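Following UniProt numbering, the numbering of the sequence shown begins with 1 at its first residue and continues without gaps.
FYI, nobody ran anything at the bench for these hints, they're computed from the structure.
In silico DMTMM-like links for lysine to aspartate or glutamate, alpha-carbon gap of 25 Å or less:
1. K250 / E191
2. K250 / E80
3. K3 / D245
4. K144 / D46
5. K144 / E94
6. K246 / E212
7. K144 / E167
8. K250 / E83
9. K82 / D37
10. K246 / E83
11. K144 / E83
12. K149 / E167
13. K3 / D172
14. K82 / E96
15. K246 / D224
16. K149 / E162
17. K246 / D37
18. K246 / E9
19. K144 / E129
20. K82 / D137
21. K3 / E241
22. K250 / D57
23. K82 / E94
24. K144 / D17
25. K3 / E216
26. K82 / D46
27. K3 / D221
28. K3 / D224
29. K149 / E96
30. K144 / D172
31. K82 / E92
32. K149 / E129
33. K82 / D245
34. K246 / D57
35. K149 / E94
Okay, the calculated beta carbon distance ranges per label pair:
36. G58 / E9: 18 to 28 Å
37. E9 / A90: 24 to 34 Å
38. S192 / E241: 17 to 27 Å
39. R205 / M1: 14 to 24 Å
40. V78 / P222: 31 to 41 Å
Nothing here was measured: the structure is a model prediction, and the numbers come from that model. Cβ atoms here follow ideal geometry from the backbone N, Cα and C, with glycine treated the same way.
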Amino acid sequence: MDKVVASAEQAVADIRDGASLAVGGFGLCGIPSVLVDALHAQGATDLSVVSNNCGVDGVGLGVLLGAGRISRVTASYVGENKEFARQYLAGELEVELTPQGTLAEKLRAGGAGIAAFFTPTGVGTQIAEGGLPWRYDSTGGIAKASPAKEVREFTVHGQTREFVLEESIVTDFALVRAAVGDRHGNLVFHESARNFNPVVAMAGRITIAEVERLVEPGEIDPDDVQLPGVYVRRVVALTPEQAADKRIEKRTVRAATEPVPNQEA
1 MDKVVASAEQ
11 AVADIRDGAS
21 LAVGGFGLCG
31 IPSVLVDALH
41 AQGATDLSVV
51 SNNCGVDGVG
61 LGVLLGAGRI
71 SRVTASYVGE
81 NKEFARQYLA
91 GELEVELTPQ
101 GTLAEKLRAG
111 GAGIAAFFTP
121 TGVGTQIAEG
131 GLPWRYDSTG
141 GIAKASPAKE
151 VREFTVHGQT
161 REFVLEESIV
171 TDFALVRAAV
181 GDRHGNLVFH
191 ESARNFNPVV
201 AMAGRITIAE
211 VERLVEPGEI
221 DPDDVQLPGV
231 YVRRVVALTP
241 EQAADKRIEK
251 RTVRAATEPV
261 PNQEA
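Between the sequences and the hints, there should be enough to build the whole structure, so can you do that?
Next up, the structure:
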(Lines of atoms letter the chains of each structure in order from A and count residues from 1; the text may use other names and numbers.)
(Lines give C-alpha, C1' and ligand atoms only; values in the text may rest on other atoms or scores of the structure.)
Protein backbone atom coordinates (compact mmCIF):
# COMPACT_ATOMS: atom_id res chain seq x y z
CA MET A 1 0.00 0.00 0.00
CA ASP A 2 2.97 2.35 0.38
CA LYS A 3 2.96 4.15 -2.98
CA VAL A 4 5.79 6.60 -2.28
CA VAL A 5 8.67 6.44 -4.76
CA ALA A 6 12.10 7.88 -4.11
CA SER A 7 12.13 10.55 -6.81
CA ALA A 8 10.22 12.15 -9.64
CA GLU A 9 12.76 10.65 -12.04
CA GLN A 10 11.91 7.14 -10.82
CA ALA A 11 8.19 7.88 -10.97
CA VAL A 12 8.21 8.78 -14.70
CA ALA A 13 10.92 6.35 -15.82
CA ASP A 14 8.48 4.00 -17.64
CA ILE A 15 6.62 6.67 -19.62
CA ARG A 16 7.44 5.55 -23.15
CA ASP A 17 7.58 7.32 -26.49
CA GLY A 18 4.08 7.72 -27.94
CA ALA A 19 2.33 7.51 -24.56
CA SER A 20 -0.88 9.39 -23.80
CA LEU A 21 -0.73 11.68 -20.80
CA ALA A 22 -3.34 13.62 -18.81
CA VAL A 23 -1.87 16.53 -16.86
CA GLY A 24 -3.53 18.51 -14.07
CA GLY A 25 -3.58 22.22 -13.48
CA PHE A 26 -5.23 25.35 -14.79
CA GLY A 27 -2.91 27.95 -16.28
CA LEU A 28 0.02 27.69 -13.87
CA CYS A 29 -2.13 26.83 -10.85
CA GLY A 30 -1.80 23.29 -9.57
CA ILE A 31 0.53 22.07 -12.31
CA PRO A 32 2.77 19.05 -11.59
CA SER A 33 5.88 20.98 -12.62
CA VAL A 34 8.40 18.68 -10.91
CA LEU A 35 7.05 15.60 -12.70
CA VAL A 36 6.93 17.47 -16.02
CA ASP A 37 10.56 18.55 -15.61
CA ALA A 38 11.54 14.97 -14.76
CA LEU A 39 9.75 13.72 -17.86
CA HIS A 40 11.59 16.31 -19.93
CA ALA A 41 14.91 15.03 -18.57
CA GLN A 42 13.81 11.43 -19.14
CA GLY A 43 13.44 12.07 -22.89
CA ALA A 44 10.06 10.53 -23.82
CA THR A 45 8.74 12.00 -27.06
CA ASP A 46 5.76 11.86 -29.44
CA LEU A 47 3.45 12.37 -26.45
CA SER A 48 -0.31 12.86 -26.72
CA VAL A 49 -1.27 15.27 -23.95
CA VAL A 50 -4.68 16.02 -22.46
CA SER A 51 -4.78 19.11 -20.26
CA ASN A 52 -6.82 22.26 -19.80
CA ASN A 53 -3.97 24.16 -21.45
CA CYS A 54 -0.36 23.55 -22.44
CA GLY A 55 1.42 25.74 -19.91
CA VAL A 56 3.26 28.86 -21.00
CA ASP A 57 6.53 29.27 -22.84
CA GLY A 58 9.21 27.49 -20.82
CA VAL A 59 7.00 26.58 -17.86
CA GLY A 60 4.92 23.46 -17.15
CA LEU A 61 3.95 21.60 -20.30
CA GLY A 62 5.55 24.45 -22.22
CA VAL A 63 8.89 22.78 -21.38
CA LEU A 64 7.92 19.59 -23.23
CA LEU A 65 6.29 21.54 -26.03
CA GLY A 66 9.34 23.71 -26.59
CA ALA A 67 11.53 20.60 -26.80
CA GLY A 68 9.30 19.12 -29.51
CA ARG A 69 8.20 16.21 -27.33
CA ILE A 70 4.43 16.68 -27.77
CA SER A 71 2.74 15.63 -31.00
CA ARG A 72 -0.91 16.03 -30.03
CA VAL A 73 -2.81 18.16 -27.52
CA THR A 74 -6.42 17.93 -26.36
CA ALA A 75 -7.18 21.16 -24.49
CA SER A 76 -9.80 23.81 -23.89
CA TYR A 77 -7.51 26.86 -23.81
CA VAL A 78 -4.36 27.56 -25.78
CA GLY A 79 -3.59 31.20 -24.97
CA GLU A 80 -0.44 32.61 -23.31
CA ASN A 81 1.85 30.24 -25.25
CA LYS A 82 3.44 31.64 -28.41
CA GLU A 83 5.30 28.42 -29.19
CA PHE A 84 2.04 26.50 -29.02
CA ALA A 85 0.48 28.84 -31.57
CA ARG A 86 3.54 28.67 -33.81
CA GLN A 87 3.64 24.86 -33.84
CA TYR A 88 -0.10 24.57 -34.43
CA LEU A 89 -0.22 27.06 -37.30
CA ALA A 90 2.94 25.56 -38.85
CA GLY A 91 1.41 22.09 -38.95
CA GLU A 92 3.84 20.66 -36.38
CA LEU A 93 1.23 19.98 -33.71
CA GLU A 94 -2.20 18.35 -33.76
CA VAL A 95 -4.71 20.17 -31.54
CA GLU A 96 -8.19 19.07 -30.52
CA LEU A 97 -9.99 22.01 -28.93
CA THR A 98 -12.72 20.94 -26.53
CA PRO A 99 -15.16 23.03 -24.45
CA GLN A 100 -13.80 23.28 -20.92
CA GLY A 101 -16.70 21.65 -19.09
CA THR A 102 -16.90 18.91 -21.70
CA LEU A 103 -13.19 18.20 -21.30
CA ALA A 104 -13.54 17.89 -17.53
CA GLU A 105 -16.50 15.52 -17.91
CA LYS A 106 -14.70 13.43 -20.55
CA LEU A 107 -11.88 12.87 -18.05
CA ARG A 108 -14.24 12.15 -15.14
CA ALA A 109 -16.31 9.77 -17.26
CA GLY A 110 -13.18 7.91 -18.33
CA GLY A 111 -12.22 7.40 -14.71
CA ALA A 112 -15.73 6.24 -13.84
CA GLY A 113 -15.80 3.64 -16.61
CA ILE A 114 -18.37 5.51 -18.70
CA ALA A 115 -17.70 5.14 -22.43
CA ALA A 116 -19.50 8.28 -23.61
CA PHE A 117 -22.21 10.78 -22.70
CA PHE A 118 -24.55 13.28 -24.37
CA THR A 119 -24.23 17.03 -23.72
CA PRO A 120 -25.92 20.09 -25.26
CA THR A 121 -22.58 21.95 -25.34
CA GLY A 122 -21.36 22.33 -28.90
CA VAL A 123 -24.61 21.55 -30.70
CA GLY A 124 -24.92 23.67 -33.85
CA THR A 125 -21.18 24.34 -34.00
CA GLN A 126 -18.15 22.63 -35.53
CA ILE A 127 -17.74 20.76 -32.26
CA ALA A 128 -20.75 18.65 -33.32
CA GLU A 129 -20.76 19.17 -37.08
CA GLY A 130 -17.05 18.58 -37.64
CA GLY A 131 -14.53 20.60 -39.61
CA LEU A 132 -12.44 22.05 -36.77
CA PRO A 133 -8.81 22.18 -37.89
CA TRP A 134 -6.90 19.57 -35.91
CA ARG A 135 -3.73 19.92 -37.97
CA TYR A 136 -2.62 22.38 -40.63
CA ASP A 137 -0.22 21.65 -43.46
CA SER A 138 2.89 23.70 -44.22
CA THR A 139 0.92 26.03 -46.54
CA GLY A 140 -1.81 26.87 -44.03
CA GLY A 141 -4.36 24.46 -45.44
CA ILE A 142 -6.25 22.00 -43.24
CA ALA A 143 -4.47 18.65 -43.25
CA LYS A 144 -6.78 17.00 -40.71
CA ALA A 145 -10.18 18.13 -39.44
CA SER A 146 -12.46 16.96 -36.65
CA PRO A 147 -15.14 14.43 -37.61
CA ALA A 148 -18.87 14.97 -37.19
CA LYS A 149 -20.36 13.58 -34.00
CA GLU A 150 -23.67 11.89 -33.33
CA VAL A 151 -26.47 14.31 -32.36
CA ARG A 152 -29.74 13.09 -30.82
CA GLU A 153 -32.84 14.65 -29.36
CA PHE A 154 -33.73 14.11 -25.71
CA THR A 155 -36.56 15.51 -23.63
CA VAL A 156 -35.25 16.89 -20.34
CA HIS A 157 -37.58 18.57 -17.83
CA GLY A 158 -40.26 18.70 -20.50
CA GLN A 159 -38.02 20.42 -23.05
CA THR A 160 -36.80 18.63 -26.18
CA ARG A 161 -33.28 19.59 -27.16
CA GLU A 162 -30.42 18.28 -29.24
CA PHE A 163 -27.39 16.73 -27.54
CA VAL A 164 -24.03 15.74 -28.97
CA LEU A 165 -22.27 12.48 -28.11
CA GLU A 166 -18.85 12.93 -26.48
CA GLU A 167 -16.51 10.00 -25.89
CA SER A 168 -14.71 9.74 -22.56
CA ILE A 169 -10.94 10.00 -22.14
CA VAL A 170 -8.60 7.45 -20.61
CA THR A 171 -4.84 7.94 -20.84
CA ASP A 172 -1.80 5.75 -20.25
CA PHE A 173 -0.50 8.04 -17.50
CA ALA A 174 -1.71 11.02 -15.48
CA LEU A 175 0.40 13.61 -13.66
CA VAL A 176 -1.14 15.67 -10.85
CA ARG A 177 -0.11 17.93 -7.98
CA ALA A 178 -1.67 17.96 -4.51
CA ALA A 179 -1.14 20.04 -1.38
CA VAL A 180 -1.28 17.01 0.94
CA GLY A 181 -1.03 13.31 0.27
CA ASP A 182 -0.50 10.19 2.32
CA ARG A 183 1.43 7.02 1.55
CA HIS A 184 -1.74 5.32 0.32
CA GLY A 185 -2.28 8.00 -2.33
CA ASN A 186 -5.19 9.85 -0.74
CA LEU A 187 -4.95 13.48 -1.85
CA VAL A 188 -6.09 16.94 -0.79
CA PHE A 189 -5.81 19.92 -3.15
CA HIS A 190 -5.42 23.55 -2.15
CA GLU A 191 -8.31 25.80 -3.15
CA SER A 192 -8.26 26.53 -6.90
CA ALA A 193 -5.62 23.85 -7.53
CA ARG A 194 -8.62 21.54 -7.16
CA ASN A 195 -9.47 22.33 -10.75
CA PHE A 196 -8.57 19.65 -13.27
CA ASN A 197 -6.36 17.61 -10.95
CA PRO A 198 -9.01 15.23 -9.52
CA VAL A 199 -10.57 14.33 -12.87
CA VAL A 200 -7.15 14.04 -14.52
CA ALA A 201 -6.10 11.61 -11.80
CA MET A 202 -9.23 9.55 -12.42
CA ALA A 203 -8.52 9.28 -16.15
CA GLY A 204 -4.99 7.88 -15.97
CA ARG A 205 -4.34 4.15 -16.00
CA ILE A 206 -1.20 4.95 -14.00
CA THR A 207 -1.54 8.15 -11.99
CA ILE A 208 1.49 9.83 -10.45
CA ALA A 209 0.99 12.52 -7.81
CA GLU A 210 3.56 15.01 -6.57
CA VAL A 211 2.59 16.22 -3.10
CA GLU A 212 3.73 19.33 -1.28
CA ARG A 213 3.35 17.66 2.11
CA LEU A 214 3.49 13.93 2.70
CA VAL A 215 1.70 12.54 5.75
CA GLU A 216 1.13 9.09 7.20
CA PRO A 217 -2.06 7.09 6.53
CA GLY A 218 -4.80 8.20 8.89
CA GLU A 219 -3.55 11.77 9.27
CA ILE A 220 -5.99 13.01 6.64
CA ASP A 221 -9.54 13.00 7.94
CA PRO A 222 -11.60 10.78 5.61
CA ASP A 223 -14.06 13.65 5.13
CA ASP A 224 -11.20 15.82 3.85
CA VAL A 225 -10.00 13.41 1.16
CA GLN A 226 -10.73 14.95 -2.24
CA LEU A 227 -9.29 12.10 -4.30
CA PRO A 228 -9.20 8.53 -2.92
CA GLY A 229 -5.93 6.68 -3.15
CA VAL A 230 -7.51 3.99 -5.35
CA TYR A 231 -6.89 6.31 -8.30
CA VAL A 232 -3.21 6.92 -7.50
CA ARG A 233 -0.39 4.49 -8.28
CA ARG A 234 2.69 6.52 -7.27
CA VAL A 235 3.37 9.39 -4.87
CA VAL A 236 6.38 11.74 -5.00
CA ALA A 237 7.11 13.87 -1.92
CA LEU A 238 8.40 17.33 -2.90
CA THR A 239 11.17 19.13 -1.08
CA PRO A 240 10.22 22.40 0.66
CA GLU A 241 11.94 24.29 -2.16
CA GLN A 242 10.01 22.41 -4.85
CA ALA A 243 6.73 22.89 -2.99
CA ALA A 244 7.32 26.65 -2.71
CA ASP A 245 8.19 27.09 -6.39
CA LYS A 246 4.87 28.39 -7.72
CA ARG A 247 4.87 30.68 -10.71
CA ILE A 248 2.47 33.55 -11.32
CA GLU A 249 1.14 33.59 -14.85
CA LYS A 250 0.43 37.32 -14.93
CA ARG A 251 1.43 39.73 -12.22
CA THR A 252 -0.56 42.97 -12.19
CA VAL A 253 0.21 45.62 -9.55
CA ARG A 254 -0.59 49.26 -9.05
CA ALA A 255 2.26 51.67 -9.70
CA ALA A 256 3.90 52.82 -6.46
CA THR A 257 3.20 56.47 -7.26
CA GLU A 258 -0.47 55.87 -8.02
CA PRO A 259 -2.71 57.19 -5.21
CA VAL A 260 -4.78 54.68 -3.29
CA PRO A 261 -8.48 55.01 -4.29
CA ASN A 262 -10.72 56.63 -1.69
CA GLN A 263 -12.71 53.79 -0.12
CA GLU A 264 -15.12 56.06 1.74
CA ALA A 265 -18.78 55.86 0.76
